[in-house]
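Peer 1: If you want the building blocks of each chain, they are given just below.
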Amino acid sequence: MATVTFDHASRLYPGTEKPAVDGLNLEIADGEFLVLVGPSGCGKSTSLRMLAGLEDVNAGRILIGDRDVTDVPPKDRDIAMVFQNYALYPHMSVADNMGFALKIAGVSKEERAERVREAAKLLDLEEYLDRKPKALSGGQRQRVAMGRAIVRNPQVFLMDEPLSNLDAKLRVQTRTQIASLTRRLGVTTVYVTHDQVEAMTMGDRVAVLKDGVLQQVDTPRALYDRPANVFVAGFIGSPAMNLLELPVTDGGVQFGGMTYPVPRDLLGEAHGSTVTLGVRPEDLERAEDNHGLAVFVDVVEELGADAYVYGHTEFDGKRYEITGRVDGRTPPVAGSTVYVRPKEGHVHLFDTQTGLRLGEHAPGTPEASVEDLNVPVEAGKTAD
Amino acid sequence: MKASRTKERVTWIIISVLVLLYALFPVVSIMATSFKLPSELTSGKFLPSSWTGSNYEQILVGSAQDLFLSSLRNSIGIALIATFIAVVLATLCAYAIARLDFPGKKVILTTALAVSIFPVISIVTPLFNLWRNIGLYDTWPGLIIPYLSLTLPISIWTLAAFFRQIPWELEQAAQVDGATTWQAFRKAIVPLAAPGVFTTAIIAFFIAWNDFVYGISLTSTEAARPVPAALAFFTGASQFESPVGAISAAAIIVTIPIVLLVLLFQRQIVSGLTQGAVKG
Chain A
1 MATVTFDHAS
11 RLYPGTEKPA
21 VDGLNLEIAD
31 GEFLVLVGPS
41 GCGKSTSLRM
51 LAGLEDVNAG
61 RILIGDRDVT
71 DVPPKDRDIA
81 MVFQNYALYP
91 HMSVADNMGF
101 ALKIAGVSKE
111 ERAERVREAA
121 KLLDLEEYLD
131 RKPKALSGGQ
141 RQRVAMGRAI
151 VRNPQVFLMD
161 EPLSNLDAKL
171 RVQTRTQIAS
181 LTRRLGVTTV
191 YVTHDQVEAM
201 TMGDRVAVLK
211 DGVLQQVDTP
221 RALYDRPANV
231 FVAGFIGSPA
241 MNLLELPVTD
251 GGVQFGGMTY
261 PVPRDLLGEA
271 HGSTVTLGVR
281 PEDLERAEDN
291 HGLAVFVDVV
301 EELGADAYVY
311 GHTEFDGKRY
321 EITGRVDGRT
331 PPVAGSTVYV
341 RPKEGHVHLF
351 DTQTGLRLGE
361 HAPGTPEASV
371 EDLNVPVEAG
381 KTAD
Chain B
1 MKASRTKERV
11 TWIIISVLVL
21 LYALFPVVSI
31 MATSFKLPSE
41 LTSGKFLPSS
51 WTGSNYEQIL
61 VGSAQDLFLS
71 SLRNSIGIAL
81 IATFIAVVLA
91 TLCAYAIARL
101 DFPGKKVILT
111 TALAVSIFPV
121 ISIVTPLFNL
131 WRNIGLYDTW
141 PGLIIPYLSL
151 TLPISIWTLA
161 AFFRQIPWEL
171 EQAAQVDGAT
181 TWQAFRKAIV
191 PLAAPGVFTT
201 AIIAFFIAWN
211 DFVYGISLTS
221 TEAARPVPAA
231 LAFFTGASQF
241 ESPVGAISAA
251 AIIVTIPIVL
261 LVLLFQRQIV
271 SGLTQGAVKG
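Protein sequences appear in the order of chains A and B.
My numbering numbers the first residue of the first sequence as 1 and each following residue consecutively.
My numbering numbers the first residue of the second sequence as 1 and each following residue consecutively.
No wet-lab data here; the hints were simulated from the structure.
Where is the CB? At the ideal position from N, CA and C, for every residue including glycine.
Treat the hints with care, since some could be wrong.
What the hints assert, rightly or not - Derived contacts from chain A toward chain B, CB cut-off under 10 Å, selection only:
hint, residue
1, Gly53
2, Pro73
3, Lys75
4, Asp76
5, Phe83
6, Lys103
7, Arg221
8, Ala240
Said to hold, decoys possible - Pairs of lysine-lysine, DSS-like flavour, derived with a Cα cap of 30 Å:
hint, chain 1, residue 1, chain 2, residue 2
9, B, Lys187, A, Lys109
10, B, Lys105, A, Lys103
11, A, Lys103, A, Lys134
12, A, Lys18, A, Lys210
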C-alpha cells in the first residue's frame with residue numbers, strides 16, 4: 001500500500017509534436033480509488049501505462065510511496081494491472097494464471113496454492129481453477145484478471161478499462177464488486193475509463209483529462225457541482241449539461257426573455273461581451289411565456305419517473321441543443337414550444353474565451369493537491 | 001430444417017469423397033505399381049494380379065541399394081539442416097517484422113516475396129557454374145544454400161502473419177507480473193508461438209524434401225544427391241526392362257517421412273491455441 005505521485009510527468013511519442021500526456025501532476029492518497037476519465041485519446045491510458053512502466057516517461061517523475069520509479073522496470077514496481085482485454089495466458093489454467101506472478105517471485109508451491117485459493121474464493125472462481133481461459137465466459141475471464149492482480153497483494157492496482165468488454169448488465173454488477181473489493185483490500189487503485197458513469201460511481205476522486213492535460217481532479221460530487229471549466233462541465237453528467245453563450249447585460253446575463261442575475265464582480269472577470277452559462281437538465285424549470293428561453297421540443301423520452309426533453313433553440317444566429325429533465329407525469333409534447341429558465345443558484349458560469357469557471361478559485365483544479373480538498377478523501381469514500 | 005441439414009451433410013460427404021479420390025488416386029496408383037512384377041507393368045490393370053515385394057527388395061537390399069540408401073541419407077540430412085536454418089532465421093526476422101517499427105520493413109517482405117517467385121530453372125545454370133568454381137558443387141552446403149532461398153520467403157511470411165496474431169499484451173502482463181523481458185518472452189509468448197513455428201518448419205521441410213531441379217543439377221554423385229534426383233538414375237534389370245516398379249517403391253518410401261511428420265506434429269499444429277487470451 002502506498003501513495004502514488006505524478007510529478008510533471010510527460011510522455012511524447014516519437015514522431016509526434018504534441019505530448020500524449022503533458023505535465024501531469026497528481027497525488028493519489030494511500031488506499032484511494034482514483035479514476036482517470038476522459039474521451040478517447042486524452043492520455044488516460046498512457047498515464048496508467050507510464051505508472052506501470054510500460055511507457056517511457058520523457059519528462060518529470062513518477063513516485064510510488066517515496067520511491068522514484070521513473071526508470072524502474074515494470075517487474076520491480078510492485079504493481080498489478082488488469083488489462084482491457086484481460087491478457088490471460090491462454091496456455092495456463094486459471095490457477096496457473098493467478099499464481100504466475102508468485103511463481104516468478106519464487107513463492108513456494110504450497111503458499112502459492114493457498115493464496116490462489118483465497119483469491120478464487122473472494123472472486124467466486126473456486127470451481128474454475130483447473131479450466132483454461134478459453135473455457136470461461138467474459139465475466140469469468142474478467143474475474144480471473146482481477147484475481148491475478150489480487151493474489152499479488154501489490155502496492156497499487158492499475159485497471160485499464162476492465163469492464164469495457166462486458167455486456168451492460170454485467171458491467172453494472174462488476175462495477176460495484178470491484179469498487180467494494182478494492183476498498184475492502186485497502187489497496188491504492190488507479191482506474192482508467194472513458195465512461196463517466198463508471199468514473200462517478202466508483203472513484204473516491206475523479207481526474208478528468210483532455211488532450212493529455214489534466215482538467216480537474218476532485219470528488220465526484222464536487223466535480224458535478226463545481227466543474228472547473230467548460231470541458232468538465234460538458235463531460236461529467238448524463239445527459240450532458242446545457243451550455244449556452246449568453247450576452248452580458250446590466251446585472252446579469254440575457255437568458256431568452258429574462259435576465260438571469262449575476263453579481264457584478266463575477267461578470268467583471270469575464271473577457272468579452274458574452275459568458276457561457278451551463279445549466280444541468282434537472283436544473284431547468286418551466287417559465288411563464290416569454291419569461292425564459294423559448295425551446296422547440298424535438299423529442300420526449302419518457303422513462304417513467306422522469307422524462308428527458310430534447311429540444312433546440314436559436315439566438316444570435318447560433319443553434320443550441322437543449323436537454324431538460326422534467327417530471328414524468330407532465331411532459332411537454334414533441335413539436336410544441338416551451339419556455340424554460342434555470343433554477344435559482346444552480347447555474348455554472350464560464351468565461352467564453354478561456355473556458356474557465358468564473359468565480360472563486362475552485363478546489364481540485366490542476367494546481368490543487370489532496371490537502372486543498374474541503375471534502376476529505378475518507379468522507380468521500382462513505383458518501384457514495 | 002432437419003431435411004436441409006441432412007442434405008447439406010450429404011453434399012459435404014460427396015465433395016469430401018471427390019477431393020479425396022482426386023488427391024489419393026495417384027498415390028494409390030503408384031503404390032499398386034510398386035507391388036507389380038516387371039512383366040505386369042504394361043498389363044493395363046490397376047491392381048497387380050500377384051503382389052510382390054521384389055521392387056522394395058531391389059532398392060533396400062538389392063542392386064539399387066547403394067543409389068537409394070545414400071540418397072535417402074542425403075535427402076534427410078540436407079532437408080533437416082535447411083529447415084532448421086530457415087526456421088531460426090525466419091523466426092528472428094518475422095519477430096522483428098511483427099513487433100518492431102523500423103524503416104525498410106516492407107522492403108524486406110517484398111524482397112522475400114520476389115525471391116520466392118523467381119523461377120528456379122532460370123538460376124540453376126549460373127548457379128551450377130558458380131558452384132563448380134567455388135567448390136560447392138556436389139556437396140551438402142551446395143544444396144542447403146539454394147534450399148534456403150526456397151524455404152526462407154515462405155517461412156518469413158507465414159511466421160510474420162502468425163506472430164502478428166499473438167496478443168503482445170501478454171508480454172506486458174507478464175512483465176507487470178514481475179517477469180524479466182526474457183522470462184516474459186519465454187513463458188508467455190513462446191508457448192503461443194510454438195504451433196506457428198512447427199507449422200512453418202513442416203512446410204519448409206516439404207519444400208526442401210520435394211525439390212528436384214536443384215537436386216539433379218547441382219549434384220553428380222552419391223555425395224549429395226537427394227532422393228528425387230536419384231530416382232531418375234534407377235535402371236531396370238536389363239536395358240529392356242523398365243525401372244518403373246523400383247521408382248514407385250522408392251517414391252512410396254520417401255512419402256512415408258512426410259506422412260509421419262504430419263501425424264506426429266498435428267497436435268502442435270492445432271490452431272486456435274491463442275483463443276481465450278483476450279476477450280475472444
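Peer 1: State for each hint whether it applies.
Peer 2: Here is how each hint holds up against the structure:
Interface restraint check: Gly53 (chain A) against chain B, minimum CB-CB distance 8 Å, threshold 10 Å, status holds. Given the 10 Å rule on beta carbons, the hint for Pro73 (chain A) holds: about 7 Å separates it from the nearest Cβ of chain B. Given the 10 Å rule on beta carbons, the hint for Lys75 (chain A) holds: about 5 Å separates it from the nearest Cβ of chain B. For Asp76 (chain A), the interface hint holds, since its Cβ comes within 10 Å of a Cβ in chain B; the closest pair sits about 8 Å apart.
Checking Phe83 (chain A) against chain B: minimum C-beta separation of about 5 Å stays under 10 Å; hint holds. Taking 10 Å as the C-beta contact cut-off toward chain B, the hint placing Lys103 (chain A) at the interface holds, the least distance being around 9 Å. With a least beta-carbon distance of about 33 Å to chain B, the hint placing Arg221 (chain A) at the interface is violated under the 10 Å criterion. Taking 10 Å as the C-beta cut-off, the interface hint given for Ala240 (chain A) is violated, the closest approach to chain B being about 29 Å.
Between the alpha carbons of Lys187 (chain B) and Lys109 (chain A) the distance comes to roughly 18 Å, so the proposed pair stays at or under 30 Å and holds. With a C-alpha separation of about 37 Å, the suggested pairing of Lys105 (chain B) with Lys103 (chain A) is violated against the 30 Å cut-off. Distance restraint check for Lys103 (chain A) and Lys134 (chain A): the Cα-Cα separation of roughly 22 Å lies within the 30 Å cut-off, and the hinted pair is therefore satisfied. Proposed proximity of Lys18 (chain A) and Lys210 (chain A) is supported: the alpha carbons are some 13 Å apart, at most 30 Å.
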